[in-house]
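Student: With chain A fixed as given, assemble chain B onto it according to the hints.
Quick note, the sequences are listed as chains A and B, same order.
Per the working numbering, the first sequence runs over residues -9 to 418.
Per the working numbering, the second sequence runs over residues -9 to 418.
Calculated directly from the structure, the hints in this document are not laboratory data.
None of the values given here were measured: they were computed from a predicted structure.
Backbone N, C-alpha and C define an ideal beta-carbon position, used for all residues, glycine too.
Take these hints with a grain of salt, some might be off.
Here are some chain B residues the structure puts well away from chain A; computed CB gaps all over 12 Å [what the hints assert, rightly or not]:
#1 A11
#2 E157
#3 S261
Simulated pairs of lysine-lysine, DSBU-like, Cα-Cα distance not exceeding 30 Å [claimed, not checked]:
#4 K76/A to K149/A
#5 K416/B to K205/A
#6 K191/B to K416/B
#7 K205/A to K244/B
There are 2 protein chains.
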Amino acid sequence: MRILIQRAAVVARPEEGVIPAADVVVEGKHFAGVFGPGEAQGEFDRVIEGEGKLLVPGFVNAHTHLAMTLFRGFAEDLTLRDWLEKKIWPAERKLTGEVVYWFSLLGLVEMIRTGTTAFADMYFFMEEVGRAVEEAGLRALLSYGIIAPTPDRIDPELKKAEAFAREWNGAADGRIRCALSPHAPYTCGPEVWREAVALAKELRVPIHTHLAETKREVDEHRERHGKSPVQWLEELGVFAVPVLAAHCVWVDEKDIDILAAHNVSVAHCPSSNLKLASGIAPAWAMVRGGVNLAIGTDGAASNNTLDMVREMRLAAILAKARAEDPRAMPAPEALSSATQRGAQALGWGKDLGAIAEGYVADCVLFDLGAVHFVPGHDPLADLVYTACGADVEMVMVGGEILMEGRELRTLDEEEVVARCRDLARKFR
Amino acid sequence: MRILIQRAAVVARPEEGVIPAADVVVEGKHFAGVFGPGEAQGEFDRVIEGEGKLLVPGFVNAHTHLAMTLFRGFAEDLTLRDWLEKKIWPAERKLTGEVVYWFSLLGLVEMIRTGTTAFADMYFFMEEVGRAVEEAGLRALLSYGIIAPTPDRIDPELKKAEAFAREWNGAADGRIRCALSPHAPYTCGPEVWREAVALAKELRVPIHTHLAETKREVDEHRERHGKSPVQWLEELGVFAVPVLAAHCVWVDEKDIDILAAHNVSVAHCPSSNLKLASGIAPAWAMVRGGVNLAIGTDGAASNNTLDMVREMRLAAILAKARAEDPRAMPAPEALSSATQRGAQALGWGKDLGAIAEGYVADCVLFDLGAVHFVPGHDPLADLVYTACGADVEMVMVGGEILMEGRELRTLDEEEVVARCRDLARKFR
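Bound-form chain A, shown alone:
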């Protein structure tokens, strides 16, 4: 299969700005090259018109809990404790594989519609999530969330996580990879972490966890252990394997140095951190400190969407206020965090995240027809500060078209919506 996307404006790599018009060739799963308009040679099975459109690398949602679309609008405006203890946790105990499967599909529809091509998901009933991802056509780093507050939970939880990772790592023709996910330093003790690291080394998979999300959690950790959660994980040897750490709201300079020194990737989740009143992560300080800063939406219970275009804009403007500097997190840096740094965070860094020869063909075409793209002085700034998910028109993963002309190609949206509405009624 050879596809030509012609005459589109193209962001090949965020740091290189926008090419006003180019022809992009896709061969099989990869980009075969970026050419001047009319300069691509040979026959094409498909030609996609790109005039008046902007082609960018696919968005990478570096932290989510997909099936929590079930809980969108379910528990609003509560304290974190009431939210978890009175609403989310009791409801999660009633989850079934069927519910997780359909609400994962719902989340996948939403992600495709807003231009996400890859994501990192940590949840339960992960085989169902895997099935959904296989059908939808996205790329994903999946992991079972290990929560072992008591010693008797350690073995069963680790076994579940291991079984899932052994079965699904490399599935869907390589689109699915697995991670191990001790949920957080405050829900998993040192034994869990040590075993997870040993297993991660054996399976050659990364660790995806929650880290330093709330002030209270970090204060309590320091009180109990005499050090920050970041230092604690470092001393446990966790950073000897690739780690993707969500949130990192309450990290100090020393923590940032540690994260950078060990190439830890951070999934910055600004909407969720604001909505749950967790705080504002020092995103720009992390980027400046050499941390690979990706962006995630977190689950739809605390966002309440899975829209990376919205999340990228928020990350860009919030970083400026947090750093007290309007030059912080300029548009190309925000786009990089939403795309190529996310690819690296998921472990696909070397051949994903750019529109260039040899890279995996994950990309998104924005329709620039909306009035908010006028006058168009700076298309990259327009993409970061102005665009919305509804502007996404075409989505491609590994050369396969998942949406075109805003029509889904791999999923039956009507069926997904109908099944989810039905399941939600029963769930209430």
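Tutor: Just chain B now, with coordinates in the frame of chain A:
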């Protein structure tokens, strides 16, 4: 003209939540009532189907500079000083009436598309803005921005502002009202403020200004005058007339008490405050302190859109982090600030901002068909935390339909876009 909007979910007043299904009758410029489904009596000239849709009071953008759509993406990621002195001010000196007219229309298209029915605008060439508003059909509080840093500028600036207000107050069949706008305490001395207040009393119009936007501005004011800008305006007697103050990022408890005591309305502009690194206004503290907190986008140069749906969500989640309490600014409060508090801020408080008998028929219909509205546990939370401007399908102001089925009725969008692209090319 009698219009029936049937079977829609309806937010009549934000604090009352969502009526799952109702019939809303519009007679002439006003709502004639909200009835049970099928209970509205009589003949109708138009029936609008509302099933699967959500009808809400129109959004009120309480602070913007409409024609700055010209500068969207024009000056990104700069310090405030470079942004103003090197980019915006030199460019504004080249503005013409023609440019302001067309880029105001562009902003009006964008506002209609995202559900805004009324707004407060302060800029230059205001006759052109007035002409554009007259054609578009929105409701607006318009004012010429008085900048008088030297004594010789005082008289000419006040005269311009007065002439505009005298000519345009009450225009467009009452849809246009005028304000007087000394730009800010740091650009206008006491004489300007005193004269503006006297004139506001004479013309019975409010004052719309910028207040306490940056820390530096407030620090310098305190150094020079020994009091905060809020106290200073109070002592000058400015709050004897209705005042709409944009930003109020750097206000302390005492300032908040003063604003509340004098019924000053605040236009909270979270995107602009973040993007320019001005800070995060204590929005929830102001609401709790009794201030009428409205929401504004500010101009498209610092937002970069005029999308109130996006701004409402940001105001809601940002307030939680700022107050360190996830219960702060719950969904109904955010919606109230984006609608009825905005109506009050613009001086239309008594008969605008609710869907109820006798109120002016300004309303917006959201299409709930998008996948992000599933499963729909809490439609009001979905509206605040999930919806996007592109979900707006129908917009009505004073009983007149400005958009239906996402098609504009009063403006020629293609012509507006073409003219703006052309003018922007010349401007560069």
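Student: Determine for every hint whether it applies to the structure shown.
Tutor: Right, here's what the structure says about each hint:
1. A11: holds (16 Å)
2. E157: E157/B clear of chain A: closest Cβ-Cβ about 29 Å, beyond 12 Å.
3. S261: violated (6 Å)
4. K76/A to K149/A: holds (29 Å)
5. K416/B to K205/A: violated (52 Å)
6. K191/B to K416/B: violated (42 Å)
7. K205/A to K244/B: Roughly 29 Å separates the two Cα atoms, so the pair holds.
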